[in-house]
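Protein chains: 2
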Amino acid sequence: MNLLLLDDADFVAADRVILRDRRLTHMQEVHRAESGDRMRVGRLGGLMGEGRLLRLDANEAELQVSFDQAPPAKLPLTLLLALPRPKMLRRVLQTVAAMGVPRLVLLNSYRVEKSFWQTPFLEPDAVREQLILGLEQARDTVLPEVIIEKRFKPFVEDRLPALAAGSLGLIGHPGPWPECPRALSEPVTLAIGPEGGWIPYEVEKLREAGLNPVQLGERILRVETAVTALLARLF
Amino acid sequence: MNLLLLDDADFVAADRVILRDRRLTHMQEVHRAESGDRMRVGRLGGLMGEGRLLRLDANEAELQVSFDQAPPAKLPLTLLLALPRPKMLRRVLQTVAAMGVPRLVLLNSYRVEKSFWQTPFLEPDAVREQLILGLEQARDTVLPEVIIEKRFKPFVEDRLPALAAGSLGLIGHPGPWPECPRALSEPVTLAIGPEGGWIPYEVEKLREAGLNPVQLGERILRVETAVTALLARLF
Chain E
1 MNLLLLDDAD
11 FVAADRVILR
21 DRRLTHMQEV
31 HRAESGDRMR
41 VGRLGGLMGE
51 GRLLRLDANE
61 AELQVSFDQA
71 PPAKLPLTLL
81 LALPRPKMLR
91 RVLQTVAAMG
101 VPRLVLLNSY
111 RVEKSFWQTP
121 FLEPDAVREQ
131 LILGLEQARD
141 TVLPEVIIEK
151 RFKPFVEDRL
161 PALAAGSLGL
171 IGHPGPWPEC
181 PRALSEPVTL
191 AIGPEGGWIP
201 YEVEKLREAG
211 LNPVQLGERI
221 LRVETAVTAL
231 LARLF
Chain S
1 MNLLLLDDAD
11 FVAADRVILR
21 DRRLTHMQEV
31 HRAESGDRMR
41 VGRLGGLMGE
51 GRLLRLDANE
61 AELQVSFDQA
71 PPAKLPLTLL
81 LALPRPKMLR
91 RVLQTVAAMG
101 VPRLVLLNSY
111 RVEKSFWQTP
121 FLEPDAVREQ
131 LILGLEQARD
141 TVLPEVIIEK
151 RFKPFVEDRL
161 PALAAGSLGL
171 IGHPGPWPEC
181 PRALSEPVTL
191 AIGPEGGWIP
201 YEVEKLREAG
211 LNPVQLGERI
221 LRVETAVTAL
231 LARLF
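Protein chains in written order, with full-length UniProt numbering: chain E, 1 to 235; chain S, 1 to 235.
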C-alpha cells in the first residue's frame with residue numbers, strides 16, 4: 001500500500017478520518033505506524049495529499065489529512081479483455097488500475113469457459129476491492145470504469161464501433177501482423193484475447209468494428225503479462 | 001502449457017518419449033488429449049517441433065516427436081532484481097523465463113527482508129520448476145541462468161562492472177530521472193529494486209558500477225509488473 005485511500009465514509013470532519021478496517025491492520029502490522037507518522041493519502045475520486053497519524057490503538061486509527069495534489073493522468077485507452085479465469089481476473093484488475101487504464105470492458109469469447117462468468121470475483125464489490133488495491137499500489141485515486149459484456153456479437157457489432165470511434169483500434173494477437181506500435185499519444189482501443197487467443201471469427205468481427213491485429217513477438221504471454229507489455233509498449 | 005517441454009530422461013528412443021508426471025495430468029485434464037493428437041513439443045535446451053500422441057492411459061503417455069525449429073531469440077539483457085518476497089518470486093521467475101531474459105541475478109538490498117532468503121522457493125529445483133512453467137507458457141526451450149547474490153556490496157563493487165561491461169546500464173527507479181529508453185537493440189544491464197525501491201546508497205553504488213536511473217512515470221508498480229513493463233519498453 002503506497003497510498004492510503006480514503007472514502008467519504010471515513011471522514012469525521014473535513015480534515016479528519018477514522019479507520020477501522022484492513023487499512024488499520026495494514027498500518028499496525030506492515031507499516032508498524034506510530035502517532036505522529038506521516039503518510040501519503042488520497043481521497044477516492046479526488047486529490048492526494050498527506051496524512052498525520054494522531055492516534056492508533058487496537059480498534060481504530062485517527063488521522064489529520066490535507067489534499068493538494070492531482071492524481072496521475074490516466075492512459076488514453078479503452079481496454080477490451082476476454083474474461084480471464086477467476087484467479088487471473090483478480091490480478092488483472094489490480095494491474096489495470098495500477099497502470100492507469102480508465103475503462104475496461106470484460107468481454108465474452110469462444111475460449112472463455114462459461115463457468116468463469118459465475119465467479120464471485122465479478123461481483124461489483126469484489127471488482128472494486130481489486131481495483132482499489134491497484135490504485136493503492138500505484139498511487140492513484142480514480143477508479144477505472146468496468147463494463148461487463150457477456151455477449152460478444154451484440155457488443156462488437158452494436159456498441160464497439162461507437163466506443164472505438166476517434167481512437168486507434170488494435171487487437172493484441174500473436175501471428176504475422178504488424179509490430180505493436182510504440183509511444184502513442186492518441187487514444188487507443190485495445191482488445192486482448194483469452195488464453196488460446198480470439199478465434200478467427202472474433203478477429204474478423206473486431207476488424208469489422210475498426211480494430212486491427214498487432215503482435216509483440218512469437219512468445220505467448222499470460223494475459224496479465226500481455227496487458228502490461230502492450231500498455232508499456234503503446235504509451 | 002503452450003509447449004510440452006521434454007528433457008533427456010523422457011526419451012526412450014531418439015523419436016519417442018514417455019511421460020508420467022504433471023505433464024501427463026495436464027494432457028489428461030486440461031487438454032483432454034487423445035491418441036493421434038498433435039502438439040507442440042520442445043527439447044529442453046534444444047529445438048522445438050511436433051509430437052504425436054501414440055498412447056495415453058492412466059499412468060503414462062507415449063509420444064512420437066520430431067524437432068526442426070529453433071526456439072525464439074532471448075533478449076540481450078542481464079536483469080538484476082532485488083530478491084522479491086517468496087510468492088512474488090515464483091511469479092517473477094515465470095515472467096522472466098516467458099519474456100526471454102537469458103540471465104537473472106537475484107540480489108540483496110537493504111529493503112529485502114532477511115527472511116526472504118530462507119524461502120524454499122530459492123532452492124534450485126524450485127527455481128527451475130517456475131522457469132520451466134514460464135518456458136512452457138511462452139514456447140521457449142532455453143532455461144535462463146539464475147545467479148543468487150546474497151551480498152549487495154561485494155557483488156556490485158567486484159562483479160557487476162565486468163558483468164555490465166559493453167552494455168547500457170540502467171536502473172528502473174521512480175523519480176526525476178530520464179524516461180526509460182525505447183526499442184533498443186544493444187545489450188542492456190537493468191537493475192530493478194525491491195518494494196519501496198533501492199536506498200540512495202544502493203543507487204549510488206549501482207551508478208559507480210556504470211548503471212544510470214531511468215523512470216517509467218509516477219505510478220509505483222509491483223515488481224512483476226515493473227519487470228514486464230520495463231522489458232516491453234526497452235526492446
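Accuracy of the hints is not assured; some may be wrong.
No copy is singled out in the list; a pair is fine if it fits within one copy or between any two copies.
Restricting the straight-line Cα-Cα distance to at most 20 Å, the calculated cross-link-like pairs of lysine to aspartate or glutamate (DMTMM-like) are [what the hints assert, rightly or not]:
id, residue 1, residue 2
1, K153, D57
2, K74, E29
3, K87, E29
4, K74, E179
5, K150, E218
Keep in mind that the hints were calculated from the coordinates and are not lab data. On a predicted model such as this, the values are computed, not experimentally measured, just so you know.
Going through the hints against the structure:
no.	hint	result
1	K153 with D57	neither (54 Å within a copy, 40 Å between copies)
2	K74 with E29	neither (31 Å within a copy, 41 Å between copies)
3	K87 with E29	between (26 Å within a copy, 18 Å between copies)
4	K74 with E179	between (24 Å within a copy, 17 Å between copies)
5	K150 with E218	neither (30 Å within a copy, 34 Å between copies)
The structure shown violates the earlier hints numbered 1, 2, 5.
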